Structure formats: structure tokens, C-alpha cells
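S.K.: The primary structure of each chain is shown beneath.
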Amino acid sequence: MNRTLCVALTTTALTAGAVNAQDYTKYGIKADVPGACSFEAIDAKDYTGRTLNIITHAIPVIGEPTALHATQFQELTGATVNVVHVPFGDLFQRIMIPFQTQQQAYDVLFYASLWLGDFNPFFAEVPAAYQETSGMKSVTETYRGIATVGGKMVQYTMDGDRHYLKYRSDVFSNPEMQAKFKEATGRDLTVPATWEEYNEVAAVFNNFDFDGDGAPNFGTAEVTKRDDLMFSAFISRVAPYAKHPDVKGGFFFDLETMTPLVNSPGWVRGLELFVAAQASMPPGGTSFGLGDEIFSFGGGQTLMSYSWDDAFVQAMQPDSPIRNKVAAAPLPGAKEVWNRTTNAWDTFETPNQVSYVTWGWSSAVAAASPNQDMAFDYLCFFSNEANTLADLQIGRFGVNPYRAEHFDAAFYQTEMGWDANVATTYADTLKSVDTAQNQVFDLRVPGVGEFMSSLAAGVARAQAGEATAQEALDGVAAEWTAIVERIGKDRVQAAYANVVALEDK
Amino acid sequence: MYRQKYLFLLPGLLVLVAIILFPLLFTIRVSFSSWDVYNPGLNWVGGENYGRLWEDARYWEALLRLTGLTVGTVLLQYTLGFALALLVWREVVARRLFRVLFLIPMMTTPVVMSVLWRTIFHESLGPLNPILEGIGIGAVPWLSQSTWSFIAVMIVEIWQWTPFMFLLLLAGLLSLPNEPFLAAKIDGAGPIRTFLSVTFPMLGAISVGAILIRLIEASKIMETVYVLTSGGPGTSTETSSYYIYIRGMRDFQIGYSAALSLTYLIIMIVTLTIVAKLLVRALVRDQA
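Here the protein sequences line up with chains G and L, keeping their order. Each residue of the first sequence is one higher than the one before, starting from 1 at the first, in the numbering used here. Each residue of the second sequence is one higher than the one before, starting from 1001 at the first, in the numbering used here.
Okay, chain G solo, but in the shape it has when bound (with noise of 0.2 Å):
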């Protein structure tokens, strides 16, 4: 009898919790994760009459996770929300005019992190609530830094980016191309840990076809068109050289002088090298923008590439014809690192390996919004732990791990469906850039654009052969000096100790 009134009792709640219990999963989800920003607790929120605009990146990357989530929040708290689409080339300038001429035009921002410097004054802070969800607690501690400037975080992050290498595990096991490599350079076929290696790699598998696929194939694809984060790639390559273990205060300037340091010999080796490997490019390798890059390792034409998730995720396509034949790796690192404190090259024996934390959207509320209440919640919603999975396994969204669990590799097998050998090479390398002790960050400070700029223009003019390494980069040194004096040293110096803070810590 007992035992009759507990079963009718235990189907009564079971029951009576299913009806109450909203379904979700008609949002692409696979289940709501409960807590502060969940499917439940946002549709409990009631907006109705209210007007959010957000302004973010064209579709697909960033953009279509924006109006997807955006359509959503509108759903469940019966808000009006207006999303604005724009152009990368015109994000910065569509969002610095209003905050400079303080109009009023978005409560929301999604934006390239690295900008940070220049719109931080116009942030809101994110309020201690947000901070102690569930979702934000999780973000790794390199991500939190990102967010945070002076001690305040004014970042909402939503996406994790750094670089790493990439290359064809098929390749790289195969025992004819291990003969091959051998046969060429005297030394087992490694995954490069220098970019000595990297190039030397490189160079052995140019031009010919090592997949058997009846169509040549090349060394390496980079990112080496100039303003398309060119770079990005370029700093990947030099920060071994340069960025030495044990000197601190600086990789871009020497923090206390303000002196730039990309005319010294750290920065050039990496540029005589980055110049150098234009050799093992495919053709047109040279003028390659990350689109290209993409396409070339992920469509299998290239042995080895690094930049961010975009060309490995191509890789893993369904479609692929290399899916399951890439692994991933660190950056390759440098066994020579200049010394600024001696003025001497380094030498060690186990390579000074970089991590490269580049790039990576990131979102904030205006803090001249009257809905930063809304705005708040939407960004909660937007990268909760539920969305966040689901945005994960969908390639063009652009949104990339960063929280802890992020990095399980049975997440990539169970949900993705890839190999344990990459899922392991995959969630273990971004494992490590994230846990790296030595680690670079982007130029964060005001003026980022036009440092960027002038640094991708000098390594342009050495690449095109209008300069040698040293000539393009002593021309950088002495542009970003007149920047820096233009801005106002004190500032750029105030934000970039931010930046020193992180790579120093």
C-alpha cells in the first residue's frame, strides 16, 4: 500500500514538473542550463514595451549568433530588439562617432577586443551579478583578463581566440614522408617546434603532391595580405623571438620609456623569417587574407598553417576531404630569444614558446544606455552556458572556447563527432595557450588601429621586397613613436601597463 501512494506520488510530481518545466530545445539547444541567465530565468523577465539596440558584425561570424539570440530574447521577454549589421572595415568607426559625439545609438556593442583601449571610457561596467553567474565564473582567467581594464571589468565575453599551429597528421605519420623529410634534411620529421622548423617543413613539402589527390600541394598558407590581420600572424611569428621569459615590462614597448620595440633584432629575425616563407606558399600565398587561409588549409592544399579556430574547424567540415586528418598544435617557438635588459641573443634549449591569446569578439553595454537593466540580460543570455555549446559546434558563428569546460575533448568527440586524436590535440592546445606562463597579448591601448596599420604596412613594403627587415621596421619604430606622441604618452602608457599586467603576471 505504501509502497502503491510513493509510485503515485513520485508519477503526481514527475508529472506536475513536466508541465510547469518549459521546453527549450526548439531554440537548437540540447538542454537549458539552469541559473542566472538560463532560457527559464530570462523568460521570467518581462520587457514587453522596451527597445534594445545592438549594433555587431555582418552574417554570419558574430553576426548571426547576435540575431539569432537577439530573435530569441524578444521571444521570451517580449522586448523589441534591433540589430544593426556592419561590415568589419566600417565596425569601429560606426560605433567611436556616436560615443565621440554623444549620441545615445546602442545599448549593446559587439566588437573586436583588441579595440578595447580606445572604447573603455565609454563602457559600462559589468554590475557584480553578472560577474558571480554561473556562465561567467567559468570563463578561464585569461579571458576574465581581456574583459577587465584598471581592476573593472567592462568586457562581457562571449568568445575566446588565440592562435595556433595546424597541420596534416596524415602527413606527418606517414612513413614515405618521414622518408622523404629525412632524406632531405638529415632529421626525423617532427611537428616544428621552432619556426626554423616550421619553415624547413615547409620548404621539403612545397609544391608537390603529398596527399596523392592529383593536385599539388604546398607548405604553408598564412595570413599575409596587408589589412586583412596580417598582423596577427606576423606578431605569432616574432613573439618567440622577442617576448623573453624572464624580461618583463613590455613586448610592444619598453612599458616604462614608452620606446617602441618592433626595430629590434627579436622583431626582425621574425620578419626575415616570415619573408622567407613565402617561398612555400602556395601560389598567390603571398596576398592570402584570412578567408584564403581558411580555404587553403582547410580545403587541404597546404601541410601546415596557424591563426585562429576558423581553418581548423573548415578542416573538420562533414564535407572535408581532410576531416579527421588535421591535429592542432602550440605556436611554434624559438631556441635564439633576444635578451633587451643584456642586449644579447638568449639561447635555450628547449624552445621559448609563445602564446599568442589574438583577437577574439567581444560584446559591452554602452554607458550612456537607459537599458543597461536589458542589455545586461541579453549578454547573459547570449553566452549562456546552453547557447554558448550549441554557437560552439556551428563553424561561421565565429564564437570560440573560453570557459574551462571548453576545453574537454570528449565534448568535440561526443558532440562533433571528431577523432579522439584531434579532439585531444585540439582542446589540449588551446588548453595550454590559455595556461601558458608565457603569453602575449594585443596591443590594448588607445590609437590600436593605427598602430596596427603602420606595423602592417612596414611588414608589407619587406615582404613585397621595397625594404629590407630592419629598413620596414625601424620605419614602424619611428611611426609609432609620433603616435604615441600624438595620443599622449601617458595614456597609451596607462593602457598598455594594462597589458604588460597580463603578460606579466
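If you are wondering where the hints come from, they were derived from the structure by calculation, not from laboratory data. Note that this is a predicted model, so its numbers are computed, not measured.
Just a sample of chain L residues kept apart from chain G, beta carbon distances all over 12 Å, derived:
| id | residue |
| --- | --- |
| 1 | 1067 |
| 2 | 1101 |
| 3 | 1183 |
| 4 | 1280 |
Residues from chain G that face chain L, not an exhaustive set, calculated with beta carbons under 8 Å:
| id | residue |
| --- | --- |
| 5 | 93 |
| 6 | 118 |
| 7 | 227 |
| 8 | 286 |
| 9 | 449 |
| 10 | 453 |
| 11 | 457 |
| 12 | 461 |
| 13 | 487 |
Glycine is no exception: its CB is placed at the ideal position from the N, C-alpha and C atoms.
Starting from the known structure of chain G, arrange chain L on it as the hints suggest.
M.R.: For chain L alone, coordinates are given in the frame of chain G:
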């Protein structure tokens, strides 16, 4: 009473002030400020931006490059446009079809065309290099070598804007009176003599107009460079408009880019005025 007539001019004048004069005056004012990413607003820095501009080698190099690009493309557009117009001027098979076909490039958005051409020129994935290899010419580094990149930009410009020349010159040809041609025929002039002595001189005024319009438009080239080469390799295809875009929109140096723009505007007005006078003197007989 007659003073009231000026009231009728007022709407037009207001529109003129709003859309031409105000932006121009505002740009002049901005060019004397240091408005940039950290100093918004119209402070006064005197001629600082103009002094900086004077020493900006990249700006002057871009201007020189633009001159070569503009003159080269417009001359080729004129020659090709004239040839095509002559081709379909007289009775030829499917004349109407050809006239429409020749106009298609001009009617397409420059950005879209540039994206298509970038795909065509793509040295790994594009169709052009395999064709060139197939006919024994060999692959060309269209977008990765300085000289070829410059030529690639020229090809796209010529392809897109030759139809404009074609259109104007064909209209001019169709409006020509028949008598001079009959007279030339009676005098025994052959086709070349007729062209040199009758057709070409009679199209002088239209030629000057077409060339000037294209010089003005070509000197503003921006989209093709932006999409095709981003000014590279190095700075080999960087034109004035693209450089001003970089300084203004990418670097957000609003004050400096205003100074660059105004200087560019003045140089263009002076240069094109001189060019116009020279062209009229050379091609329009009545003015000679």
C-alpha cells in the same frame, strides 16, 4: 517686384548649401583640428595636419601611383571604347545584342565586380592561370607581385569602364551628320583617311567630355583596390583614395584625413582644369 524672382532660387540654393557647401566647409574646419581616436571634436591645431602631410611620403607616392593608373586606364578605355563604338556603329549582325553586352560591366556594382575578378585572378583557385598555362603562357602572379598587381587593377578598371566610353562615343557617332562622310567618299577618301579627317575630328568635343568625366571618376578609384589588393603587395597599388580611407576610417585620424582629402581635392581641381584646357586645344578644332 523683380526682386521676388530671387525667392524662387532659394530652395535650390538651400539644397546646394546643405549638400555641397556645408560638408565642404565642415571638412575644411575639421582639417585644422586634431580629431582622432582620443581627441574628439574641433580643437584648433592650425596647419599642423598640412605640415605633417607635406612630409608624408606615402601620400605623395600614392598620388603619383594614382596618376599613372588614371592616365593609363583612361587612355586604354578611350581607345577600346572608340574601337567598339566604330564596330557597332554601322550595320553589323546582332548589333543590338552587342550594344547591350558591351554595357553590362558598367552596370555592375564595382565591389561585386572586384570580388569576381579577385576570384578570377586567384593564383591557386582561380580559372585564369590554368587557362594561361593551358595555352602555354604560364601562370602569372596576378595579386602577389607588385607590377602584376598594378596591371590586375588596371585590367579591372578598363574592363568595367570601357563601356562608358563606348556609350558616349557611340552616341556621338550616331549623331554625326552624313554629309561629311558622303563628301569624303566622293573625294575618294579610304576608311583610315575618313576616320582621321572626318570621324575623329567631329567627335573631338565628345571625346574631351568623355575623357574628362572618366579622369575624374578614375582618380577616385577605391573599391577595386580595397577588394582586389588592399593596396599591396607592399604599397604597390595603394592609391590616394585608399590611403585616405586607411587614415580616416581604419586609423580614425579624422582631422588628418580631412587635410589629406582637401589637398587631394585642390590638386585634382587644378590638374583637371589644366588637362581640360589642353585637351580642348588638341581635340576641338573650333577652340584651337
